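Participant: If you want the building blocks of each chain, they are given just below.
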Amino acid sequence: MYSQRHAIRKLNKSSTVLDSASAEKLIAYRSPLTAEQKELTADSSSFIAEQTAYISVSRLSKSYEKASVLAVDNVSFEVNRGEIFGLIGPDGAGKTSIFRMLTTLILPDSGSATVLGFDVVKDFREIRSQVGYMPGRFSLYQDLSIEENLNFYATIFGTTLEENFHLIHDIYVQIEPFKKRKAGNLSGGMKQKLALCCALIHKPRVLFLDEPTTGIDPVSRKELWEMLRKLKSQDIAILASTPYMDEALMCDRIGLINNGKIMTIDTPQGLIEKYDKPLYAVSADNIARLLRILQEYPEIENSYAFGDNAHVILQGRSTDLKRYLEEKGLRNIEIIPIKATVEDCFINSLSEQ
Amino acid sequence: MNKEEKYITRHKPKSQKIGNSISFPHLGKVPKGIGARGVGGLSATNLTKRFGNFTAVDRITFEVKQGEIFGFLGANGAGKTTAMRMLCGLLKPTSGEATVAGFDVFKEQEEIKKNIGYMSQKFSLYENMTVRENIEFFGGVYGLKMSEIKPRMDSLLNKLEFTDVRDKLVQSLPLGWKQKLAFSTAIFHEPQIVFLDEPTSGVDPVTRRQFWDLIYDASERGITVFVTTHYMDEAEYCNRISLMVDGRIEALDTPKNLKTEHNANSMNEVFYALARKAKRVE
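One line per chain: the protein sequences are A and B, in this order. Just so you know, we're using my numbering here: the first sequence kicks off at 1 and counts up by one. Just so you know, we're using my numbering here: the second sequence kicks off at 1001 and counts up by one.
Okay, chain B solo, but in the shape it has when bound:
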């Protein structure tokens, strides 16, 4: 049992809540082909993770279309990290079903890992390696040959205007540059889906927006983007968002529809309205 699991186990609530899966009518419009092998996007049906008596993720059901920017929101402790770890093939679910890029989260965890990219604010690049070494390393880890890496790296460095810093240590770069590089490295092997865990924490507002330009860019190329954030204005940049409360998906829709439904002017207000329902103490 790792540290996180131990932590969650200790949070066993006294009575176990019964969750309901929510159906989302607009999900009927998801184009055909989702869930097919090798096709981007992901789907989860009643996906559940229990640690002992504690249900960290409680029967969540949703689909994400290929190329969609999907915001995965929730308060600290709502179960986002556990859900994300299951979808990345890092944690075996207790029950339910889910496919990521067409691969089963129970049986094909290794295939999932090859077909996704992952970036978090806490860990993404090796600080004591150069920009070039990081790209080569991550490209290699994802199975690209050096002959494939070289031309892609050149065009990437050009696009980011990083050509001058290719032989600089990552630790010497400003945070905003590191984050752009980390994202580009996470999608360097052209995965079906990229998971971003609070990618923009702490960067300045201008760099934050440049970062989102990269996200839009990836989405237009067909890469599905699954992103968590505590910046509610960024939630507005997503095509659709889900909001988790106490292990369940409490809301799922476009930002616009959610605001209309909750009679709110901003996603911030929607978040307060829904997250306040939480009974679980972190």
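Next comes chain A alone, as it looks inside the complex:
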């Protein structure tokens, strides 16, 4: 026990010296398990199969730079088997730190977490062999081809491309025509697809995807989420993060995260139904002017641009607002009560924080 803790501390220390890409590659590294550990792994696996929570996080915290930056602040959540759980929040919210703790790359300051029943501090070897991790930054070998990267990761995890080909088939066929091309020469969307294949090649039971769709165009983003929806029917739990609020709808449950804190956890539908503010979509011929005038109107709790109209939390009557806007010279005014989107919920949580 001591030696393992010691080893992981050492690894953490050394990772500050390594560039972060190399540190992320370490996740793929797995020391051969001893016979005893193998037996332990098998035992826990059969135990875990009956459990539904594949990831369980309890009061996890992490700070950096001698405790001056609190990156993750007392975070708790669970991800069940067959579930896609989305961590939705901006850069710097603490998403990546959570991923790195759960994949045993960094140690938590306090709190605890288990993945497939294994403790993220004590049982890091077991966790590393059973999870797939796709870091936010592309971390495959740039000078190996698609094919070579896949074979490399398969070999490291003691399997072959053929053995689990069915898992990656749908994704792999899209990049197969380029299998001889070096990973460094792939476009953003293709890199993401290759990274997903590499994360899946050893049939992981938990999949960690840190911003799999960032910088990817809307069509490729949609495709990627459709693949994840298909994947989850396998015996797998998926934890994914994204800064795109509209992608929340593709998750079974989501946690809205900001400044290291999870503000709320719910299903996307539950979150939307919980929203109890009087929300309206307001449009007019001059949207820029409309937004400015709305700022001055007294009976408004909040107003902001939303696509081609403004979203308004209106405390007063919509007929009064309409008259006011007309007096200000705006034309083609429409004020319609609407249901909140996840983005409205997020903005509301931020303003209440």
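Check each hint, because a few of them may be wrong.
[Unchecked claim] With a Cα cut of at most 30 Å, we get these calculated DSSO-like pairs of lysine-lysine:
hint: 1; chain 1: A; residue 1: Lys328; chain 2: B; residue 2: Lys1065
hint: 2; chain 1: B; residue 1: Lys1279; chain 2: A; residue 2: Lys180
hint: 3; chain 1: A; residue 1: Lys222; chain 2: B; residue 2: Lys1277
hint: 4; chain 1: A; residue 1: Lys277; chain 2: A; residue 2: Lys322
hint: 5; chain 1: A; residue 1: Lys261; chain 2: B; residue 2: Lys1168
hint: 6; chain 1: B; residue 1: Lys1065; chain 2: A; residue 2: Lys222
hint: 7; chain 1: A; residue 1: Lys339; chain 2: B; residue 2: Lys1259
hint: 8; chain 1: A; residue 1: Lys261; chain 2: B; residue 2: Lys1122
hint: 9; chain 1: B; residue 1: Lys1259; chain 2: A; residue 2: Lys182
These are calculated hints, taken from the structure and not from any lab test. All values derive from a computational prediction rather than experimental measurement.
Use these hints to put chain B onto chain A, whose structure you have.
Facilitator: For chain B alone, kept in the frame of chain A given last:
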């Protein structure tokens, strides 16, 4: 040949597609003076870039008015970056014509660089310099004198409410602040045009909207804004947008007209409808 060009060269499709330039009737309404030297806005006619047999940008034709917020959309690999690099004077086109702020993209690349601002999410500020040092540095690079920089910097820091952090290292600022500062630095020398390459990736929805307030502000001061984004709601904030598919401009209009034309409720739907036509594999 740089890395990007090598990459694009390797993507040679088997058969070369013949592109058509599209004419846009409403462009006839562009006010006079566009294209004149020293006047903001830009125009491109049949602008093309080939890498070997591969046509990355295929005869694109469009104009952007001074002060307009122009959204430049397209799937990954559609040719946006190549087009943008040509317009910024960083890459010589193969054929066609274009002027940016009145300067020719073939002959006056250095003049173009002086008259534009540029900001991308990937690189914009020096993290290990303070806020003040960054502003002074970029102001200096664009040829401003220290006596011009000082008063402008004071009013900028006031406006952004950054006065307290002027001597803080940029790396210590939250991402949203960095992005606001990066944008303000990109237009600090009052360029004719500012190019924004996915400026808001990864920031929270509230900060994203504050960022757009700055964009509107710049546009009202007459600065032309040329912006790429993967957030389709932001596409709606643009005056007009173009959508590139396989190196060509497949659509160009106001968001409202595009939605009507494609019978769509949102720009997201328009994007799916058009980008799905792509034959080029990234």
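Participant: Take the hints in turn and mark each one as holding or not.
Facilitator: To see whether the hints hold, each was checked on the structure:
no. : hint                 : verdict
1   : A:Lys328 - B:Lys1065 : holds, 28 Å
2   : B:Lys1279 - A:Lys180 : holds, 21 Å
3   : A:Lys222 - B:Lys1277 : holds, 15 Å
4   : A:Lys277 - A:Lys322  : holds, 19 Å
5   : A:Lys261 - B:Lys1168 : holds, 25 Å
6   : B:Lys1065 - A:Lys222 : violated, 33 Å
7   : A:Lys339 - B:Lys1259 : holds, 21 Å
8   : A:Lys261 - B:Lys1122 : holds, 26 Å
9   : B:Lys1259 - A:Lys182 : violated, 40 Å
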